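S.K.: Whole structure, please, built from the sequences with the hints as guidance.
Reminder that position 8 of the sequence shown reads as 8 in full-length UniProt numbering, one-by-one numbering, no gaps.
Incorrect hints may appear among the rest.
Stated by the list, open to error - Calculated lysine-lysine pairs in the DSBU-like style (CA-CA distance at most 35 Å, straight line):
| no. | residue 1 | residue 2 |
| --- | --- | --- |
| 1 | K139 | K101 |
| 2 | K139 | K77 |
| 3 | K97 | K77 |
| 4 | K107 | K77 |
| 5 | K139 | K107 |
| 6 | K107 | K97 |
| 7 | K101 | K77 |
| 8 | K97 | K139 |
| 9 | K77 | K31 |
Said to hold, decoys possible - Restraint-style ranges between C-beta atoms, simulated for each label pair:
| no. | residue 1 | residue 2 | range |
| --- | --- | --- | --- |
| 10 | K101 | E159 | 36 to 46 Å |
| 11 | K107 | L17 | 29 to 39 Å |
| 12 | E19 | P142 | 39 to 49 Å |
| 13 | N54 | P15 | 12 to 22 Å |
| 14 | L82 | P142 | 34 to 44 Å |
| 15 | G34 | R5 | 30 to 40 Å |
| 16 | P29 | R71 | 16 to 26 Å |
| 17 | E159 | G34 | 50 to 60 Å |
| 18 | G34 | R71 | 35 to 45 Å |
Hints were generated in silico from the structure; no laboratory data involved. Computed from a predicted model, the values in this text were never measured in an experiment. The beta carbon of each residue, even a glycine, is placed where N, CA and C say it ideally should be.
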Amino acid sequence: MELYRNHYPGYQDDPNLTENLRFYRNELPLKSVGLLIDELHEQWLGDFRKLAGNWESRFSNLDRSLHNALRITRILKSLGELGYEHLKYPLLEFLLKEVLKNRTLPKLQDSLVSYWIHTLQDDNDRQFLMCVSDAVIDKYVPEHEDLVKNRHPDTEDEEVRRQLRCALIAATHARPSSGSL
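M.R.: Structure representation (structure tokens):
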């Protein structure tokens, strides 16, 4: 994650590989259907009511098929690379609530805590969500021993320092919450 957060030092982007970016900028049509992204969205929105009817089975599939965790990872990284870093935080906040508090996606908890939160570029946001995840896990995840064995300090003094650090981060964190956990 450190390489990602530092924009892969020493790696040069290939200026010829811009088809995805041009598609998302509405400059290049999707090859399979010949539509620009705006046209695709207009047509897709017409089917939204139909798609909304099976959201529960799709949501369940997200937890059942763990390869979807890789898709979420790619989405989070893409948001940052395409200039939408500010959208990661609310998405992660939603995932934290669903994965840890509501337990609707319990199989994704390791990906959330060990990887997804760490895609945040902003150190304060990342540390804050890690502290929130600690608190939510402690309160809502009964079998959290395996999940958190490496995240908690070994000594009581280290645990007190961790709790104080989390309290300080929470008290000074300025980001407005998009919802309550």
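S.K.: Please go over all the hints and tell whether each is borne out by the structure.
M.R.: Structure-based check of each hint:
1. K139 - K101: holds, 8 Å
2. K139 - K77: holds, 29 Å
3. K97 - K77: Holds, because 20 Å separates the two Cα atoms, which is no more than 35 Å.
4. K107 - K77: holds, 21 Å
5. K139 - K107: At roughly 18 Å apart (the allowed maximum being 35 Å), K107 and K139 satisfy the hint.
6. K107 - K97: Within the cut-off at roughly 14 Å; holds.
7. K101 - K77: holds, 24 Å
8. K97 - K139: Judged against 35 Å, a Cα distance of about 12 Å means the pair holds.
9. K77 - K31: holds, 24 Å
10. K101 - E159: 36 to 46 Å: violated, 22 Å
11. K107 - L17: 29 to 39 Å: holds, 34 Å
12. E19 - P142: 39 to 49 Å: For P142 against E19, whose Cβ atoms are near 47 Å apart, the range 39 to 49 Å holds.
13. N54 - P15: 12 to 22 Å: At 41 Å between Cβs, range violated.
14. L82 - P142: 34 to 44 Å: holds, 38 Å
15. G34 - R5: 30 to 40 Å: holds, 38 Å
16. P29 - R71: 16 to 26 Å: holds, 23 Å
17. E159 - G34: 50 to 60 Å: Cβ of E159 to Cβ of G34: about 59 Å, so the range 50 to 60 Å holds.
18. G34 - R71: 35 to 45 Å: violated, 25 Å
Violation of the numbered hints given earlier is confined to hints 10, 13 and 18; the remaining hints are satisfied by the structure.
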